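Using the sequences and the hints given, assemble the complete structure.
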Amino acid sequence: MTIAEKTFVRRAPLKAGRMGVCKALTVALLLSAPFGIQAKTTAPEAYTPVAPTIDQARANILIARQLQFTHFRDLGISDKLSGDVFDAYLNYLDGQRVYLTGSDVQALDRVRSRLGSALKTGQLKPGFDIYNLVQQRIIERLQFALDTIDDGIENLNFTSNESILLDRSEAEWEPDEKALDELWVKRIKNAVLAQRLNGTDDEAITDSLKRRYEGQLKRAYQARSEDAFQAYMNAFTGMWDPHTSYFSPRTSENFNINMSLSLEGIGAVLQADNEYTKVVRLVPGGPASKQGQLQPADRIVSVAQESEKPVNVIGWRLDEVVDLIRGPRNSVVTLEVVPASATDETLTKSISISRDEVKLEEQSASKDTIEFERNGEKYTVGVITIPTFYADFRAMQAGDPLYKSTTRDVRKLITELQQDGVDGLVMDLRNNGGGALQEANDLVGLFIDTGPTVQIRNSSNEVQVLNDDDASVAYDGPLVVLTNRMSASASEIFAGAIQDYGRGLVVGSQTFGKGTVQAVRPLNHGQLKITQSKFYRVSGGSTQHKGVIPDIEIPSRIDKTRIGEDALDHALPWDQIEAVPHTRYFDFSGIIDELRKRHDDRFASSPEFSLLQQEIDFLKEQRQRDTVSLNLGERTTQQEQIERTRLTIANARRELRDEKPFESLDELEDWQDQQAADLSTTDEELDFVIREGGNIMADMLELDNRMASILSPQQFAAQAEAQ
Numbered sequence: 001m002t003i004a005e006k007t008f009v010r011r012a013p014l015k016a017g018r019m020g021v022c023k024a025l026t027v028a029l030l031l032s033a034p035f036g037i038q039a040k041t042t043a044p045e046a047y048t049p050v051a052p053t054i055d056q057a058r059a060n061i062l063i064a065r066q067l068q069f070t071h072f073r074d075l076g077i078s079d080k081l082s083g084d085v086f087d088a089y090l091n092y093l094d095g096q097r098v099y100l101t102g103s104d105v106q107a108l109d110r111v112r113s114r115l116g117s118a119l120k121t122g123q124l125k126p127g128f129d130i131y132n133l134v135q136q137r138i139i140e141r142l143q144f145a146l147d148t149i150d151d152g153i154e155n156l157n158f159t160s161n162e163s164i165l166l167d168r169s170e171a172e173w174e175p176d177e178k179a180l181d182e183l184w185v186k187r188i189k190n191a192v193l194a195q196r197l198n199g200t201d202d203e204a205i206t207d208s209l210k211r212r213y214e215g216q217l218k219r220a221y222q223a224r225s226e227d228a229f230q231a232y233m234n235a236f237t238g239m240w241d242p243h244t245s246y247f248s249p250r251t252s253e254n255f256n257i258n259m260s261l262s263l264e265g266i267g268a269v270l271q272a273d274n275e276y277t278k279v280v281r282l283v284p285g286g287p288a289s290k291q292g293q294l295q296p297a298d299r300i301v302s303v304a305q306e307s308e309k310p311v312n313v314i315g316w317r318l319d320e321v322v323d324l325i326r327g328p329r330n331s332v333v334t335l336e337v338v339p340a341s342a343t344d345e346t347l348t349k350s351i352s353i354s355r356d357e358v359k360l361e362e363q364s365a366s367k368d369t370i371e372f373e374r375n376g377e378k379y380t381v382g383v384i385t386i387p388t389f390y391a392d393f394r395a396m397q398a399g400d401p402l403y404k405s406t407t408r409d410v411r412k413l414i415t416e417l418q419q420d421g422v423d424g425l426v427m428d429l430r431n432n433g434g435g436a437l438q439e440a441n442d443l444v445g446l447f448i449d450t451g452p453t454v455q456i457r458n459s460s461n462e463v464q465v466l467n468d469d470d471a472s473v474a475y476d477g478p479l480v481v482l483t484n485r486m487s488a489s490a491s492e493i494f495a496g497a498i499q500d501y502g503r504g505l506v507v508g509s510q511t512f513g514k515g516t517v518q519a520v521r522p523l524n525h526g527q528l529k530i531t532q533s534k535f536y537r538v539s540g541g542s543t544q545h546k547g548v549i550p551d552i553e554i555p556s557r558i559d560k561t562r563i564g565e566d567a568l569d570h571a572l573p574w575d576q577i578e579a580v581p582h583t584r585y586f587d588f589s590g591i592i593d594e595l596r597k598r599h600d601d602r603f604a605s606s607p608e609f610s611l612l613q614q615e616i617d618f619l620k621e622q623r624q625r626d627t628v629s630l631n632l633g634e635r636t637t638q639q640e641q642i643e644r645t646r647l648t649i650a651n652a653r654r655e656l657r658d659e660k661p662f663e664s665l666d667e668l669e670d671w672q673d674q675q676a677a678d679l680s681t682t683d684e685e686l687d688f689v690i691r692e693g694g695n696i697m698a699d700m701l702e703l704d705n706r707m708a709s710i711l712s713p714q715q716f717a718a719q720a721e722a723q
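Numbering (UniProt numbering), first residue to last: 1 to 723.
Some hints here could point you the wrong way.
[To be verified] Derived BS3-like pairs: lysine-lysine, alpha-carbon spacing no greater than 25 Å straight-line:
| hint | residue 1 | residue 2 |
| --- | --- | --- |
| 1 | K120 | K80 |
| 2 | K309 | K349 |
| 3 | K529 | K278 |
| 4 | K560 | K546 |
| 5 | K80 | K529 |
| 6 | K349 | K278 |
| 7 | K412 | K367 |
| 8 | K290 | K367 |
| 9 | K218 | K278 |
| 10 | K309 | K210 |
| 11 | K278 | K560 |
| 12 | K560 | K620 |
| 13 | K620 | K546 |
| 14 | K218 | K186 |
| 15 | K210 | K278 |
| 16 | K597 | K378 |
| 17 | K349 | K560 |
| 18 | K210 | K186 |
[What the hints assert, rightly or not] Simulated restraints on C-beta separations:
| hint | residue 1 | residue 2 | range |
| --- | --- | --- | --- |
| 19 | P339 | T636 | 15 to 23 Å |
| 20 | D670 | A519 | 42 to 50 Å |
| 21 | K597 | Q418 | 27 to 35 Å |
Hint data in this document are derived by calculation from the structure and do not stem from the laboratory.
Small disclaimer: the values here were computed from a predicted structure and weren't measured.
Don't be surprised by glycine CBs; every beta carbon is placed ideally from N, CA and C.
Have a look at this one:
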């Protein structure tokens with residue numbers, strides 16, 4: 001007997017025109033006063049509606065007050081906001097529009113303008129009624145899917161010219177149950193086709209799909225009041241900005257554990273993304289980061305412990321997924337994920353990660369050198385990689401004079417590189433998601449005399465300026481800062497300050513744009529993480545939304561439409577305040593055009609860049625596909641074309657390194673898995689970008705050997721003469 005059979009007895013497939021629970025609930029929604037579901041069920045297979053508690057109502061009132069009076073964004077609770085909350089809540093509960101019908105949404109629409117006033121006063125019933133209806137529809141859809149699979153996937157037709165929309169977030173709601181039935185048959189056919197093309201037999205496909213849907217069904221029956229409250233509150237708080245959110249008591253516990261890094265796991269920050277658990281970022285030095293396969297925006301489908309069957313976690317609560325992923329040190333957890341680059345949620349891959357603690361020393365800054373020769377001149381460029389802005393606060397508070405921090409470590413590395421006789425320095429901040437604000441301030445101080453580093457404005461328009469008051473300078477030579485889309489927060493403060501001071505060039509791609517500051521405030525029930533301030537550069541422009549725009553751009557595989565502040569709903573806008581007085585060490589305007597021209601010329605003749613651009617174009621083309629065929633012959637042709645393109649690009653890169661080409665995509669993927677597991681290997685793109693950063697540094701030195709020095713022309717001349 002299956003898990004599902006132990007839990008419930010499945011109903012017959014829903015037929016168009018049948019009254020059933022679907023329409024009975026809709027009638028209840030329309031006739032109840034006040035709006036709500038008055039369900040009376042005793043059958044074990046029936047869904048039990050959840051109801052709000054007094055503690056949740058009180059927490060709702062506190063949240064509404066704090067949002068209106070202490071959030072950075074001045075936003076009142078109006079009829080428009082009420083409608084926006086309604087839409088966001090439906091999007092959270094049914095983001096792909098595969099559970100509710102158009103008639104359901106029409107019935108629910110009567111409360112669209114009433115949610116705001118209810119949220120002000122802690123009246124949670126309308127939000128819970130919506131949640132209960134969606135849960136019931138989820139159960140009915142999953143039952144339909146299981147019945148369809150029980151009828152035999154071999155009976156599905158794969159010869160018609162049907163196709164399915166891959167992303168339904170902007171699609172129209174299907175009008176009725178019959179239309180939803182047809183959509184779900186297509187969804188099942190798509191899942192079957194994807195697995196067949198991967199070589200899976202029908203028996204294994206049937207087993208996989210049944211386990212997936214039975215797992216989701218079990219979770220739907222186990223819905224809790226806290227699930228509804230957290231979903232509803234996050235739809236509400238998200239109106240102010242995407243970084244303001246409600247933590248239930250259980251989620252608060254996980255948040256506090258993560259902040260202290262006291263438990264062992266894989267070192268990944270996760271968040272709920274509709275039915276999925278999504279990877280937000282990887283902790284530098286953590287097991288997932290070192291293993292190399294898991295990426296930001298990947299969505300987790302299942303979790304398997306060593307020698308155990310995978311547990312499907314679609315539809316699971318975030319805290320339960322986190323609990324499943326955690327485990328003893330050196331044990332292995334296997335995640336099945338939909339890769340961020342996948343064009344179809346049925347295309348998954350398995351990633352095995354050995355659990356461990358995230359060690360501070362493995363997040364530490366590191367150094368390397370690159371040598372270049374230009375017109376008979378040899379240049380040595382130092383490279384310092386900073387994975388995060390860290391500080392051992394416990395050791396610092398204990399008075400340990402040798403405590404570790406980003407600034408202390410970088411100062412030491414600079415000294416060592418200077419002893420090696422480097423001509424310039426590249427600071428690599430790619431994939432650095434931020435960290436300790438004070439470390440960003442102190443790190444800027446290693447490269448300037450004294451002066452402001454960042455401005456912080458609160459909701460009362462009060463501006464605090466952080467300064468470097470230490471006149472000592474660790475490095476006074478030419479500087480390049482590498483960034484990409486995953487460089488965020490403290491990384492953006494550092495890169496922006498270096499750019500504003502004319503202290504160096506920023507090279508790479510536009511940064512994330514996370515320019516806000518959050519505080520976690522306790523409630524009577526859970527916690528509220530709320531945005532209270534905003535970062536501004538010393539030149540006055542915010543790092544919020546826009547991030548830092550590089551002086552010389554290098555394209556990246558990262559999809560900017562899916563990752564970055566400007567890809568998030570209700571993100572605070574870019575704006576600017578008054579600049580604060582600061583030194584401008586070097587004016588790059590006289591040479592930047594020549595630097596860009598040399599960079600473009602190198603890229604135009606570089607086979608490595610050509611391959612990177614081909615790969616970026618290929619990924620972009622795949623992401624732009626909005627439908628996929630359900631015809632076996634056509635789908636096979638599409639799949640073969642995609643595989644040929646991937647193999648061609650990979651083999652061209654192998655040829656550049658005089659390595660034997662791969663004979664098949666399976667061989668390529670096996671090699672990629674081996675490379676990801678080997679900590680001594682690095683990504684070809686990353687090496688390529690570092691080398692280009694060094695090339696730009698050599699260009700700078702060729703064009704002006706006083707490049708970006710903090711010394712005055714007279715001091716520089718005297719120093720050069722002394723040497």
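These are the hints, each one checked on the structure:
1. K120 x K80: holds (14 Å)
2. K309 x K349: holds (15 Å)
3. K529 x K278: holds (19 Å)
4. K560 x K546: holds (12 Å)
5. K80 x K529: Holds, at about 24 Å.
6. K349 x K278: Answer holds: K349 to K278 is near 14 Å, not above 25 Å.
7. K412 x K367: The hint holds at about 10 Å.
8. K290 x K367: holds (18 Å)
9. K218 x K278: holds (21 Å)
10. K309 x K210: Holds, because 14 Å separates the two Cα atoms, which is no more than 25 Å.
11. K278 x K560: holds (17 Å)
12. K560 x K620: holds (10 Å)
13. K620 x K546: holds (22 Å)
14. K218 x K186: holds (23 Å)
15. K210 x K278: Roughly 23 Å separates the two Cα atoms, so the pair holds.
16. K597 x K378: holds (22 Å)
17. K349 x K560: Cα-Cα ~23 Å, so holds.
18. K210 x K186: The given pair, whose Cα atoms are some 16 Å apart, holds under the 25 Å limit.
19. P339 x T636: 15 to 23 Å: 21 Å Cβ-Cβ, so the 15 to 23 Å window holds.
20. D670 x A519: 42 to 50 Å: holds (47 Å)
21. K597 x Q418: 27 to 35 Å: holds (31 Å)
Checked against the numbered hints given earlier, this structure breaks none of them.
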